Amino acid sequence: MMGSPESEKDRLSWETQHRVSLTRGFWMLETEVTQEMWRSVMGNNPSSFAGARNPVENVSWNDCQEFCTKLKQKLGITIGLPTEAQWEYACRAGTTGPYGGSGDLDDMGWYYDNSGSGTHQVGTKQANAWGLYDMHGNVYEWCQDWYGSYDESPTSDPSGPSSGSRRVVRGGSWFNGAKLCRSADRVSYSPELRIDFLGFRVCSEQ
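In this text, residue positions in the sequence shown follow the working numbering: the first is 23, and each later residue adds one.
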């Protein structure tokens, strides 16, 4: 069930709960892409909060596409951003509440109340049940999809609208309060935007 139930605290109207089936397996990077990962592929580091193991930030959706193309050439496998549905499925890891893992945001992520106004090394909070770190907080994560209203009917392998002006980001960041770090929360930005709370992680489909 993608989205949030009407009973969830802080939910927003565009989080309408609906049934989604994912028919293709995928692997997801266990952490956000770090600055050392980015440098090894792109040869530079655009981040404001320096740290080899901190998530790369100040990267646009378009920059992430270039990274994925270059990494694909290096590894010889398909690499891309997760769809919004893949991202939420991985974030929840079988949970149904506002936050994955223990259900306590302080256990799971760096956000406004505990971040000290900056990013932190990846993997220093608890992993969720599927071994994924920082799905909540640290940096927002770009998804592949254009932003749009959910199709509320049951659907398989959704990939968002065919066009748009803003791309989906998920998970909240060091800059955001708890309600924007929920598993179901949806935000969108221009694909050209670079700012110090926007990063990403990659996945590869089977």
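These are calculated hints, taken from the structure and not from any lab test. Careful: at least some of the hints might be erroneous.
[Said to hold, decoys possible] Cβ-Cβ distance ranges computed for the label pairs, FRET-style:
| id | residue 1 | residue 2 | range |
| --- | --- | --- | --- |
| 1 | M64 | G140 | 18 to 26 Å |
| 2 | G65 | E214 | 33 to 41 Å |
| 3 | G140 | R61 | 12 to 20 Å |
| 4 | L215 | R61 | 33 to 41 Å |
| 5 | Q148 | P183 | 16 to 24 Å |
| 6 | S171 | R75 | 31 to 39 Å |
The structure presented is a predicted model; accordingly, all values stated were derived computationally and were not measured. For each residue, glycine too, the CB sits at the ideal point set by N, CA and C.
Tested hints:
Evaluation of the 18 to 26 Å hint for M64 and G140 yields a pass: the beta carbon distance comes to about 22 Å. Here the CB-CB span from G65 to E214 is close to 21 Å, at odds with the stated 33 to 41 Å. Evaluation of the 12 to 20 Å hint for G140 and R61 yields a pass: the beta carbon distance comes to about 19 Å. For the pair L215 and R61, the beta carbons lie near 21 Å from each other, so the given range of 33 to 41 Å is not met.
Between Q148 and P183 the beta carbon distance is about 34 Å. The supplied range of 16 to 24 Å is therefore violated. Checked against the hint of 31 to 39 Å, the pair S171 and R75 passes, with Cβ atoms roughly 37 Å apart.
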